[in-house]
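Asker: Here's the letter readout for the chains.
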Amino acid sequence: MNNFSIRYKFILFTSLLIIFIGVASCWFFSSQIKKQLEEELMKRGYSLIVQLAQDGEVKDSMSVAQRAFFDEPIMRLRKLDRDQELAFWRVLLVPDNVLLEEKEQWIKTEVNSIPVFFNPENISEPVFNIISTDHGEQFYNFVAPVHEKRTITEEEFAAQIFSLDKKYVDEDNKLLGIVQIGLSPRRIDKKMQSVLWTSSIPLGFIIVFMGIGVSYFIARSVVKPVENLVKLTDRVASGDLDQTVEIRSGDEIGMLASRFNQMTKSLRRLMDDKENVMNTLKDLNRELSTINTELVQTNEQLNETQERLIRTEKLAAVGTLASGVSHELRNPLGAIKNAVFFLKRKLSDNKLPGADERVLQFLDIMDDEIDRSNKIINDLLGFASLAKLKKIPFDITEIIEEALTRAKEIKENIIISKKFQPNLPKVMIDANQMGQIFINLIENACHAMTDGGELQICTRKNNDDLEIEFSDSGCGIPNKEIKKIFDPLFTTRPDGVGMGLAVCHWIIQKHEGTIDVESQEGKGTRFVIKLPLEKQECMR
Amino acid sequence: MIKKPHLYYIFLFIFSIFFPGVSYAFSKDTAIIIKSQDLSAYNNVVEGFKRECVDNHITISAIYNLNGKMKVGREMLRKIKKKNPDIILTIGVLATTLAKEEIKDIPILFCMVINHEKFQLVESNITGISNEIAIESQVKGYQTLLDSLRNIGVIYDPSNTGNIIDNAVQQMKDAGIKLIKREITSSKMVGEALHDLIGKIDALWILPDRTVVTKESFDLIKSITLKNKIPLLCTTDVFVKSGALMAVFSDYGEIGRQAAQLVRKILQLSSSNSLGIVYPDTFKLAINSLTAQKLGLKIDTIQEKPHVVVYP
Chain H
113 MNNFSIRYKF ILFTSLLIIF IGVASCWFFS SQIKKQLEEE LMKRGYSLIV
163 QLAQDGEVKD SMSVAQRAFF DEPIMRLRKL DRDQELAFWR VLLVPDNVLL
213 EEKEQWIKTE VNSIPVFFNP ENISEPVFNI ISTDHGEQFY NFVAPVHEKR
263 TITEEEFAAQ IFSLDKKYVD EDNKLLGIVQ IGLSPRRIDK KMQSVLWTSS
313 IPLGFIIVFM GIGVSYFIAR SVVKPVENLV KLTDRVASGD LDQTVEIRSG
363 DEIGMLASRF NQMTKSLRRL MDDKENVMNT LKDLNRELST INTELVQTNE
413 QLNETQERLI RTEKLAAVGT LASGVSHELR NPLGAIKNAV FFLKRKLSDN
463 KLPGADERVL QFLDIMDDEI DRSNKIINDL LGFASLAKLK KIPFDITEII
513 EEALTRAKEI KENIIISKKF QPNLPKVMID ANQMGQIFIN LIENACHAMT
563 DGGELQICTR KNNDDLEIEF SDSGCGIPNK EIKKIFDPLF TTRPDGVGMG
613 LAVCHWIIQK HEGTIDVESQ EGKGTRFVIK LPLEKQECMR
Chain L
40 MIKKPHLYYI FLFIFSIFFP GVSYAFSKDT AIIIKSQDLS AYNNVVEGFK
90 RECVDNHITI SAIYNLNGKM KVGREMLRKI KKKNPDIILT IGVLATTLAK
140 EEIKDIPILF CMVINHEKFQ LVESNITGIS NEIAIESQVK GYQTLLDSLR
190 NIGVIYDPSN TGNIIDNAVQ QMKDAGIKLI KREITSSKMV GEALHDLIGK
240 IDALWILPDR TVVTKESFDL IKSITLKNKI PLLCTTDVFV KSGALMAVFS
290 DYGEIGRQAA QLVRKILQLS SSNSLGIVYP DTFKLAINSL TAQKLGLKID
340 TIQEKPHVVV YP
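Chains as they are written, first to last, in this note's numbering: chain H, 113 to 652; chain L, 40 to 351.
By construction, these hints were calculated from the structure, which means they are not laboratory data.
Hints are supplied without guarantee of correctness; some may be wrong.
As the list claims (entries may be wrong) - Straight line, CA to CA, 25 angstroms or less: simulated PhoX-like cross-link-like pairs of lysine-lysine: (1) Lys171(H) with Lys110(L); (2) Lys146(H) with Lys220(L); (3) Lys239(L) with Lys286(H); (4) Lys143(L) with Lys171(H); (5) Lys155(H) with Lys217(L); (6) Lys520(H) with Lys531(H); (7) Lys333(L) with Lys239(L); (8) Lys108(L) with Lys67(L); (9) Lys179(L) with Lys143(L); (10) Lys110(L) with Lys67(L); (11) Lys286(H) with Lys254(L); (12) Lys220(L) with Lys147(H); (13) Lys239(L) with Lys171(H); (14) Lys157(L) with Lys155(H); (15) Lys110(L) with Lys286(H); (16) Lys336(H) with Lys286(H); (17) Lys120(L) with Lys171(H); (18) Lys323(L) with Lys212(L); (19) Lys171(H) with Lys118(L); (20) Lys157(L) with Lys191(H).
Said to hold, decoys possible - Derived CB-CB ranges, DEER-like: (21) Lys268(L) with Phe141(H): 35 to 43 angstroms; (22) Asp258(L) with Ile243(H): 35 to 43 angstroms; (23) Gln148(H) with Glu86(L): 22 to 30 angstroms; (24) Val111(L) with Phe141(H): 53 to 61 angstroms.
Owing to the predicted nature of the structure, the values given are computational and were not obtained by experimental measurement.
Even glycine gets a Cβ: it sits at the ideal position worked out from N, Cα and C.
If we strip away everything but chain H, and leave its shape as in the complex, we get:
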């Protein structure tokens, strides 16, 4: 019931109330009519019984106890019974001798089964009661005493009316017996049936239908504004604050609508304020985000710059150290190499007594290490000699092709894939140094693909840059080492000096380009060199 709408509840309860009132009205209406009809029947009954009791012929007949003499009085009685309600009549002589008892043919009950009034001495005036018989019939029973026709009461009354001061001597009136008549309420029943079907039930239906109709319209007039209010409240709850309720009355509903409008107005104002604040916050947030991004970028640039500076400083220091140390080491190494060469020659021509075979092996080792040391020194000297660039317009593809021919590490199981974009502009570069870079990258890639693989070399123009990409399918570089690969003297190879990629980075930097690396361990490494074309691009 709590989930039902107010309209439903209102119509339900009002209809129930009206139905109750309708039924009660019909019942009251019917009962009043019945009461009125019963009263009329009683009056007619009293009138008939009094007429019968005062009929002189009845008195005479009772005096002589002659049943046959009742024909005329009964005929007169039946004439007076215009509505044919008289059902039975009975004359009882005192003390209990039934002189006459007859009934109309249309009643089912036998007259001798109708109760007899056996105490005539106890009544002084007409009495009335309702009796029911075994046949289900009901009778309005009237009983009146009959006194001897010695004189008539009207004459007593005349004495009173015409001469109030005269005292009329009321002598004893001998009680002859009683007369009893029964009136059938069948006319009342028929009338009540008629009233029921022609008045009460139609009236009840009219009351009920009109009541339900009226309650529906009242509910509609009361509940509809509330329903509209609910709908509008839902719309307001969903954010539509422009909704207003039309105020049509000054009653409580109208007041509610007015308050609702005030509330939505306040809400709308608050929501506007909130939206303004939110927009301001969003703007601030956006600005902060931009600033933060810029700061991050700046920080990254700073870090990168710092790394480059450090790397540059390192390279500079390494260069300075290399140029100093290399000269000092080169000569001794040359002397040692010559000595080793002499010893090896002597030992191979004239074997010394007691000389072990392993001496020659050691001399070979020394010779190799001297070569290696010289190579390192040459590298260092080469790095030290990179201070100045000799940039001229050059076709990058040619440099790559030359580097591929010069690279020593390329084995047969390595496939070289080249994807050079045709008609690439020439760039201002130092071709020797750039070729050295490409050789380093190719040899590093080949070195990483010890079991073979594919080296893919691509060139392309990207906006204002010329991109050269070297992708291998080698072992890849661990994440912890990838940041250090451009640092000088960092190497994972046992025979490496750790200057190759550092030199590459340094040279690219000198060309105002960038070199980036991506690597996944076990899948390969990808180097991308970007050289700016804006300043370096030349006519072909």
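With chain H's structure known, arrange chain L on it following the hints.
Answerer: Frame of chain H; chain L shown alone:
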């Protein structure tokens, strides 16, 4: 020579000149008067009848008093029937009803029968003078003192005065008066019916209804109406003497006079012995001056009129 028969007629002519009563005796009709009982009202009727009989050449051969005894009365009627009078005047209901039962071939004129409709006194040999004044006359009589009468209340038992009321409703309406009725079946209901009428009526009309008017109920009616300033209107001066405001009633001597005149007419009828029921041809207005004073009514203008009787 004058013959004997001729002498006889000459003698009668001379005798009638000198003794007219003998002539009347020769031509008069005989009437017998039967009173129901010995009431002064009945005696007044007898006296009025006697006075008028002289002028109407009617001889009253006998006057009987039934003294309210039915058996005795019935015996008397049988004897009277043997006397074979020209007409019988019955006074009161007992004498009338017994005469109706016993005598069928002699004209009967009744009077002083209250509510005569109740006794079905309609026979070919019966003529009657109603005890009630015509409604129209009653209203006119009441309006001589109460000219603003609009609503008159009446308490009645339908078995006694129902016929009167049925006739009175329309006649009152024709006279511009609404009759507000309350039915009762027992004198115990008088008080309740009267209280129900208070506030709705300008006056209370009392009919000669034995259920309504008893010694006790009349006292009750009188006190309640006086307390509520309701004029009490009656049809007999007896009640005015006892305290009712006014009554339009027939003078009993005049009833006797009218009866004698009717007797003459009945005896002159050739084909029928009945003139039906007629109203009294005159009426009087009885007013209780003390009651009028208590009700604030002035009777100065009407008390000098010849038909007005003021009590006490």
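Asker: Hints first: check each against the structure and report whether it holds.
Answerer: Structure-based check of each hint:
1. The suggested pairing of lysine 171(H) with lysine 110(L) holds, with an alpha-carbon distance near 13 angstroms, which does not exceed 25 angstroms.
2. A hinted pair counts as satisfied when its Cα atoms are at most 25 angstroms apart, and lysine 146(H) with lysine 220(L) qualifies at roughly 21 angstroms.
3. A distance of roughly 44 angstroms separates the Cα atoms of lysine 239(L) and lysine 286(H); the hinted pair therefore is violated under the 25 angstroms criterion.
4. Proposed proximity of lysine 143(L) and lysine 171(H) is supported: the alpha carbons are some 21 angstroms apart, at most 25 angstroms.
5. Between lysine 155(H) and lysine 217(L) the CA atoms are separated by roughly 24 angstroms; this keeps the pair inside 25 angstroms, and the hint holds.
6. Only pairs whose Cα atoms come within 25 angstroms are accepted, and lysine 520(H) paired with lysine 531(H) is accepted, the gap being roughly 21 angstroms.
7. Straight-line distance between C-alpha atoms of lysine 333(L) and lysine 239(L) comes to about 20 angstroms, which keeps the hinted pair within the 25 angstroms bound.
8. In summary, the hint linking lysine 108(L) to lysine 67(L) is not supported, as the alpha carbons are separated by about 31 angstroms, beyond the 25 angstroms threshold.
9. With a C-alpha separation of about 38 angstroms, the suggested pair lysine 179(L) and lysine 143(L) falls outside the 25 angstroms cut-off, and the hint is violated.
10. Taken as a hint, the lysine 110(L) and lysine 67(L) pair is broken in the structure, with Cα atoms around 32 angstroms apart against an allowance of 25 angstroms.
11. This hinted pair checks out: lysine 286(H) and lysine 254(L) have alpha carbons roughly 24 angstroms apart, not beyond 25 angstroms.
12. The suggested pairing of lysine 220(L) with lysine 147(H) holds, with an alpha-carbon distance near 19 angstroms, which does not exceed 25 angstroms.
13. For the proposed pair lysine 239(L) and lysine 171(H), the alpha carbon gap of about 42 angstroms is over 25 angstroms, so the pair is violated.
14. Pair hint lysine 157(L) plus lysine 155(H) holds up; C-alpha atoms about 17 angstroms apart against a cutoff of 25 angstroms.
15. Restraint check for lysine 110(L) and lysine 286(H): the C-alpha separation of about 14 angstroms stays at or below 25 angstroms, so the hint holds.
16. A C-alpha spacing of about 82 angstroms is found between lysine 336(H) and lysine 286(H), which places the hinted pair above 25 angstroms, so the restraint is violated.
17. For the hint pairing lysine 120(L) with lysine 171(H), the CA-to-CA distance comes to about 23 angstroms; that is within 25 angstroms, so the pair holds.
18. Only pairs whose Cα atoms come within 25 angstroms are accepted, and lysine 323(L) paired with lysine 212(L) is accepted, the gap being roughly 23 angstroms.
19. At most 25 angstroms may separate the alpha-carbon atoms for a hinted pair to count; lysine 171(H) and lysine 118(L) meet this at roughly 23 angstroms.
20. Restraint check for lysine 157(L) and lysine 191(H): satisfied, since their Cα atoms lie roughly 15 angstroms apart, inside the 25 angstroms limit.
21. Take lysine 268(L) and phenylalanine 141(H): their Cβ atoms lie about 38 angstroms apart, and the range 35 to 43 angstroms holds.
22. Distance hint check for aspartate 258(L) and isoleucine 243(H): the Cβ-Cβ separation is about 38 angstroms, which falls inside the suggested range of 35 to 43 angstroms.
23. A C-beta distance of roughly 51 angstroms is found between glutamine 148(H) and glutamate 86(L), which places it outside the suggested range of 22 to 30 angstroms.
24. The given range of 53 to 61 angstroms is respected by valine 111(L) and phenylalanine 141(H), whose C-beta atoms sit roughly 58 angstroms from each other.
When each numbered hint is compared with the structure, violations occur for hints 3, 8, 9, 10, 13, 16, 23.
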